[in-house]
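Chains A and B are the protein sequences, given in the same order. Everything in the first sequence is counted per the working numbering, starting at 2 for the first residue and increasing by one. Everything in the second sequence is counted per the working numbering, starting at 130 for the first residue and increasing by one.
Keep in mind that a hint or two might mislead.
[Said to hold, decoys possible] Result set (DSS-like, lysine-lysine): computed pairs, CA atoms no more than 25 Å apart in a straight line: (1) A:Lys208 / B:Lys226; (2) A:Lys294 / B:Lys247; (3) B:Lys265 / B:Lys331; (4) A:Lys294 / B:Lys281; (5) A:Lys208 / B:Lys263; (6) B:Lys208 / B:Lys151; (7) B:Lys281 / A:Lys289; (8) A:Lys208 / B:Lys282; (9) A:Lys289 / A:Lys223; (10) B:Lys151 / B:Lys182; (11) B:Lys247 / A:Lys289; (12) B:Lys282 / A:Lys294; (13) B:Lys281 / A:Lys208; (14) B:Lys265 / A:Lys208; (15) A:Lys208 / B:Lys264; (16) A:Lys208 / B:Lys247; (17) B:Lys282 / A:Lys289; (18) B:Lys264 / B:Lys282.
None of these hints come from the bench; they were simulated from the model. Predicted, not measured: the structure shown is a model, and the values here were computed from it.
Chain by chain, the residues:
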Amino acid sequence: MEKPGIWKDKILPVLTVILAILVIWHVFVVILNAPFERDQAARAGTVITFSEIVPKTFVQERPVLPAPHQIVAELWDTTFNKAITSKRSLVYHAWVTLSATLLGFVIGTALGILLAIGIVHNRAIDRSLMPWVIASQTIPIIAIAPMVIVVLNSIGISGLLPKALISTYLSFFPVVVGMVKGLRSPDTLYLDLMHTYNASQSQTFWKLRWPASMPFLFTSLKVAIAISLVGAIVGELPTGAVAGLGARLLSGSYYGQTTQIWAALFMAAALAAVLVSIVGVAHSMVLKRMGVKP
Amino acid sequence: MDRFQTESENNARRGAMSEPKKTVVSARDLCLTFETNDGPVNALSNVNLEVQKGDFVSFIGPSGCGKTTFLRVIADLEKNTAGSITVNGMTPDQARKARAYGYVFQAAALYPWRTIEKNIALPLEIMGYSDAEKKKRIAETLELVNLSGFGKKFPWQLSGGMQQRASIARALAFDADLLLMDEPFGALDEIVRDHLNEQLLKLWARTEKTICFVTHSIPEAVYLSTRIVVMSPRPGRVTDIIDSTLPRERPLDIRETPEFLEIAHRVREGLRAGHSYDE
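Pulled out of the complex, with its shape left as it was, chain B reads as follows:
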């Protein structure tokens, strides 16, 4: 389906960027079937998707649509049962071993016995960075997520939003160009969420990472993304891919503009088309 590959439009829109786009994630007819006691469940069915370098791609859909599963396939936390997927041109397994991505879970998943800076140091320790390098990167990433001065605190001493920022810092600490985020702000209240969304966009602009972001909030998806992948359940599939027409610079009040509302409307239509509002 041509509608799904709108790269030419995409590139035209971002004409300022001269270098040719590199494909980070490429899925072809990707299927994943879970064998359960109640018979096979089609978590993903024929998903075709390309994520280009520098993209901010959101996956939106109701629960059971396979958005998290797709992210987990990219991360090699689940294996696809049919079709193919490459991450940086490699299999997910190779990409994981090459430490191609950082993963942010819905819960902060900070180790409670480690201070914030020790938590950020965790991937660096595992990947064998030198002490000096560790120190430098901890300071850098803490600054990036506005947590400078909190390095010596233990996770329980921080609020939920701060913990999630620390977990983002941990995913940013090593050199992975791809950031996979699985509903990272899902458990936070609206006000904190708005604030973190704004910060995340700034961080994305500064680091030039490619971000795959799972959410079930329409405003969040529209506000953050350059592309929005609308998914629907039973079987989990892609029903629409929307290229955002919003500029890269996005103040929070862009959410009041007609352009924003139009994209949000299309996302909602896409969700409805997938019968996501049934049941």
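Bound-form chain A, shown alone:
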């Protein structure tokens, strides 16, 4: 049998997909940006051949679909060539969004865990609250976000917190659902054992339900951190925010700066990837401490 290698098992499949995406991307750059070049040629009254069009589609100022190298250049420029305090710096905007994301994630996780504890221990809370928790997620966030911002602004709360609350609104849900399942996951056998020891409710919680729910918690947290980021970006969109990745997306679309939009999108994706993998690392560290079979 062949030895599984990191190259064959991890890098090669990913590279193949990236390569395929790049090929398709380049094809579409030509297809989508060519009409502009034809228009230009027609306006100037010249005839332009396909082989002349192709190189031009990759260097347009405001392309319909920017070429990958244009996005990389934009990312590089706005990340490394600008002071991070400057409003032209992508790092600055990313930080604005990240701070709202993290605050929202922390509040959402705490809220989610508390609600789950209530739901698991109290039948009345379970019956009365759980339907609302589920209903809350059927409301499109894009509809509720402006109202949250406006209402909070009218009572003098603005800046980081309103955006964070939108993140909270999205991120508490997977935590509630995951933790309710996790806290209820212990076998009857384990609960019976606690009963034979005459353990109190809090002892049963801390020594059985809480540790048993850890795998569920971390799975939920991975979802929660990613949608926290979405929440923060959405929170920046409808409010005319001046800073943050959402503001960057919005101003990009106002001024037809497609490259800027794509650069902000890639930054958001990278941020999400980093955040999810940090939660992933925390997950495996906790499970390792809990003696999970490797």
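Once you've looked at the hints, dock chain B against the given chain A.
Below, chain B without anything else, positioned relative to chain A:
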């Protein structure tokens, strides 16, 4: 029925023990009916039984005969619907709150995120033992079940038999004189089972605990017990109580002796009388 209360014979046989016998479990006309969607099910019907201190009592019968249910009533995991039962002279609820018994389930039920010694420490933590006391008891009980040196392992690193021994250690760690065991070796293979049976007898002799043991293996019941309670299903009831004539010292090959086979025969007869072989 007098046949069920053979204490005088019992005491005569164990004449060496001078102190008067203390009743640990006493059930009078005990009934338990489960309400199910298909109507009421009589899990236990008029069970009368006395378990004396130091006894090793086995409950044997086919599934549905109520042997596990009876154990769960003693442990206050189920409530009887009629009749009465006392554990150490108290109601099962009071006895549980006084931590009168240790319970060993069919599965080891070790918490997977705790090491073996942390698992044994679990009841001690809940009952508020000091750290020094915990340490002492963990070492003692690990030694008792021959698991010294495995304290730092996680449950999955141990074989099924070792896990079950750890779960017995956990039930022995605190001061309960009564050990309730619900088919503890049911999921283990014959060889491991023989070995654990032998160890359990030694442990019983050393700790002088009272043991109530549920099984559906006739040889296991006869080999281990001072008394064998034969039960039969629909409704769950006691059909025979057999006092073992075997000595307390029992090497494994005692199972080849005519005395052993005679008791096993009587158990089998009891099971047959309860129509347990029908269906």
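Inset, instruction - Would you list, in rising numerical order, the hints stated earlier that this structure does not obey? - result: none
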